[in-house]
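Undergrad: Letter by letter, the chains look like this.
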Amino acid sequence: MEIDLSQFSQVFFEESLEGLDAMESELLNLDVNKPDEEAINTIFRAAHSIKGGSATFGFSQVANYTHLLETLLDEIRDGRRQMTSEHQDMLLLSVDLLRNMFDALMRKIDFDDPLLAQLEKQFTIEIDKGTKGSVSEELDSSSDTLAEQETPGLLRWVIDFQAGIDILRCGNDPYLMFNELRQLGELSVCLAGHSSPEFNDIDPEACYLNWQLELITDQPLERLKEVFEWVEDECTINYSSSPVINDNTEQDDELSNRDPAEAASSQEQQGSEAVQRELESNKVDEAQGPKPKAVSQAKTPETSSIRVSIDKIDLLINMVGELVITQAMLGQIGQQDKIDEESLISLKQGLEQLATHTRDLQESVMQIRMLPISFAFNRFPRLVRDIGQQLGKKVNLVLKGEDTELDKTVMEKIVDPMVHLVRNSLDHGLETPEERLAKGKSEAGTITLNAFHQGGSIIIEIIDDGAGLDTDRILRKAREKGLVGQEEELSTEAIHKLIFKPGFSTADAVSDLSGRGVGMDVVRRNINELNGSIELKSSQDKGSRFTIRLPLTLAILDGQLVRVGKHIYVVPLVSIHESLQVEPSKINRLSDGHELIQLRNEYLPVIKVYQEFCHTSDAKEIKDGLVMVVDSNNEKIGLLVDELLSQQQVVIKSLEDNYNRVPGVSGATILGDGTVALIIDVTGLVSMAGIASMKEDAA
Amino acid sequence: MTEQTQSMQPQYEQGIKQDNDEDSQQYLTFIMANEEYGVEILSVQEIRGWESTTVIPNAPSHVKGVINLRGTIVPIIDLRQRFGIEVLDYGATTVVIVVKVAMANEHKVIGIVVDAVSDVFSVNNDDVRDAPNFGEDTDLSFIKGLTNAGEKMVILLDINRLLGSEILPEAEQLSNLINTLDARQQQAVNA
Chain A
1 MEIDLSQFSQ VFFEESLEGL DAMESELLNL DVNKPDEEAI NTIFRAAHSI
51 KGGSATFGFS QVANYTHLLE TLLDEIRDGR RQMTSEHQDM LLLSVDLLRN
101 MFDALMRKID FDDPLLAQLE KQFTIEIDKG TKGSVSEELD SSSDTLAEQE
151 TPGLLRWVID FQAGIDILRC GNDPYLMFNE LRQLGELSVC LAGHSSPEFN
201 DIDPEACYLN WQLELITDQP LERLKEVFEW VEDECTINYS SSPVINDNTE
251 QDDELSNRDP AEAASSQEQQ GSEAVQRELE SNKVDEAQGP KPKAVSQAKT
301 PETSSIRVSI DKIDLLINMV GELVITQAML GQIGQQDKID EESLISLKQG
351 LEQLATHTRD LQESVMQIRM LPISFAFNRF PRLVRDIGQQ LGKKVNLVLK
401 GEDTELDKTV MEKIVDPMVH LVRNSLDHGL ETPEERLAKG KSEAGTITLN
451 AFHQGGSIII EIIDDGAGLD TDRILRKARE KGLVGQEEEL STEAIHKLIF
501 KPGFSTADAV SDLSGRGVGM DVVRRNINEL NGSIELKSSQ DKGSRFTIRL
551 PLTLAILDGQ LVRVGKHIYV VPLVSIHESL QVEPSKINRL SDGHELIQLR
601 NEYLPVIKVY QEFCHTSDAK EIKDGLVMVV DSNNEKIGLL VDELLSQQQV
651 VIKSLEDNYN RVPGVSGATI LGDGTVALII DVTGLVSMAG IASMKEDAA
Chain B
1 MTEQTQSMQP QYEQGIKQDN DEDSQQYLTF IMANEEYGVE ILSVQEIRGW
51 ESTTVIPNAP SHVKGVINLR GTIVPIIDLR QRFGIEVLDY GATTVVIVVK
101 VAMANEHKVI GIVVDAVSDV FSVNNDDVRD APNFGEDTDL SFIKGLTNAG
151 EKMVILLDIN RLLGSEILPE AEQLSNLINT LDARQQQAVN A
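So the sequences go chain by chain: A and B.
The first sequence begins at 1 in the working numbering and counts up by one.
The second sequence begins at 1 in the working numbering and counts up by one.
Calculated from the structure, these hints are not laboratory results.
For every residue, glycine included, the Cβ atom is placed at its ideal position computed from N, Cα and C.
When the alpha-carbon atoms are kept at most 27 Å apart in a straight line, the in silico BS3-like pairs for lysine-lysine are as follows:
#1 K108(B) / K413(A)
#2 K100(B) / K653(A)
#3 K108(B) / K408(A)
#4 K338(A) / K348(A)
#5 K394(A) / K34(A)
#6 K636(A) / K620(A)
#7 K537(A) / K501(A)
#8 K108(B) / K653(A)
#9 K501(A) / K413(A)
#10 K542(A) / K394(A)
#11 K586(A) / K623(A)
#12 K653(A) / K566(A)
Per the computed footprint, the stretches of chain B lying under chain A, defined by three or more beta-carbons under 8 Å from a beta-carbon of chain A, are:
#13 71-82
#14 107-120
Pulled from the structure, derived: some chain B residues nowhere near chain A, Cβ distances all over 10 Å:
#15 Q26
#16 N34
#17 E35
#18 I47
#19 H62
#20 E86
#21 G91
#22 A92
#23 T93
#24 A131
#25 E151
#26 N160
#27 N179
Model the full assembly from the supplied sequences, consistent with the hints where possible.
TA: Structure follows, in structure tokens:
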């Protein structure tokens, strides 16, 4: 019976990519001089299961390649070979290569990369020059070559298959495996024994049987093992082989019994020993299994599905249970013909309970979307290592607050800006080892990624101890580009803000790392789109610190309700500095009709919301209404509104789902009375009002 | 498209037959400025009375705003304004027909304001005639065809084309079209 394996291949890809992630992170953490046994095991296991899986699915390219990896890793694991940084590099490159291979497989295209052949060669050379004289290594390879050499000749394999009591419960069927073996050659199956209990105690789902299989085949051991690939963890399987001297199989049975192994070349006997040895080492490896496996599962790559911990689901189910009870209670009151005082009290209680449960339920549902930020942080060790090597800089990467949880959507969108900032820190921030030593700093620079919660926001910091921003150079560049007047003097903070200007780059030469057309302005725009903000602190020769502040989720925001005419709008609370009534004396009108207000020692442009949105309002002039000072791209802007209403958390609904994107509006929400209120997109409103160009004109 | 040789008169009787075989589709008809229009009933999600909307800033005038439809934000479009027909105040019979519009590979839920709903009836596909050709300048692809329900002519609208994109004839062209259609209808009745 043929099983269509392709239906499982997606799962295999996901698992393999997870395996590669685990491999990568272990490799990066690995101290080459003192490799951690556990780490090597994890790496080996990842390679091993990728090999097994890809062979099962018929991805021979991957299988062949991972076999090389596995061989090398096996030797390292057994202490027959010393891990070197060269190996580490090769293995890291292999991780990349395998990712590309899987990518090609997933997209069902041919994979063709010269790197593959190159690395294959490198591995083969490396394995060949391995410590000769080590018996088992030769045996290990001999079991392979043996099978290949013997291709025309047949081998008799005796397989002791102790299925284990749970094999059927796990959905495996020995019958199917035997059938698969049957396709490889001539198979005879014998019951080798059973452990059945008394009839009454028999568990129909348990398997009490053991088998001895004899297979005469020209297939290599690898192929045989593939059949048991899925069950090798639960079952005990022993393989032994002897050559088939006579083609007549009937005689052969007796012959092989009488004909001792000596008759065969001793090599083959050793071959089976090697197999045994490998099996044993596998067993050891399984024994150490659970812990590293758990680690590798925690590091799931970002796919469109989420793995949610059972705890969160349990909580949710409990909550729904409570809700059902409350509903029953309210339903009972509803059935009464008359509501007396007593039932009124219980009605109120019920409604209060309902409110609590709804809030809890909402929170738990939001929790499902929350993932630890380590998902985003995980990619940085590799990035830092590679770029550091490329630039000849020594870097320590410190990750803090990896458990801080963040909405999945926010996480996906924040990674790119973070990558850019880290690249920047490496490229522009950190000095070369020589420069650092000259400055009296340690040779290796440090980049710290730090995440923590503050209020309803998450803060992500990217800190380096490099040179800091070169204010003189930035100012010079800005003057060259005409962003700052020749005579104009700016405060240090104002100079730092310049790097967020569109088209501004401090890099003198366009390098591979920077100057890809993605500037800090894009970083800031991406963060603003998430309703977040970015700040920069930097001091010469001490380093820089970028602070990104983001809302925890894109689904809910803290909003300030404001009234303009008869319309109610929501302004995200994070972008509001203050609100004030402005005295007529503090209002200045520019010649082009724009108005500025004086706030302490700053002049802020004011946007009249009703004008931009083309409807009426009570307060047509600044002096009649309230000015709400908001932050847009790190600039303060005033918004003229009629009245401030309450502050509340609002659930963000998309306008684009059923309508279009509306300039100046980032979404909608539903208020307590069921009506819709629009959420103001401050940055969009500012660009609608053309304030940016106005400021430049004024300057 | 039916064969032109068939006469129009007996067709409407077949047109209103209530059976539901594969060749016929059910339509919800509504009235606007004395014309009767039909939309496929399967695209109709619900019918609601007029309620006040939240105005979208700087939206075209036919977009009356958005409403909260059990947690979904649904835009409301005034079909009179969309067609460029004279605007009336909303009255007791004014209804919002909430329709599901198939876009590229998603659905949008949109409400359309019409004067009143009229009827539901099955139309045999054979009884749907193409709209008359007005030349290449006039895009009438939002009209699926014409059919008769009793004395009245019904303009069957392709809701996906009507609301899914911005193609709409100019108001003048549309009133030309309706006048022509009426004239032909009259001829057919008189004949």
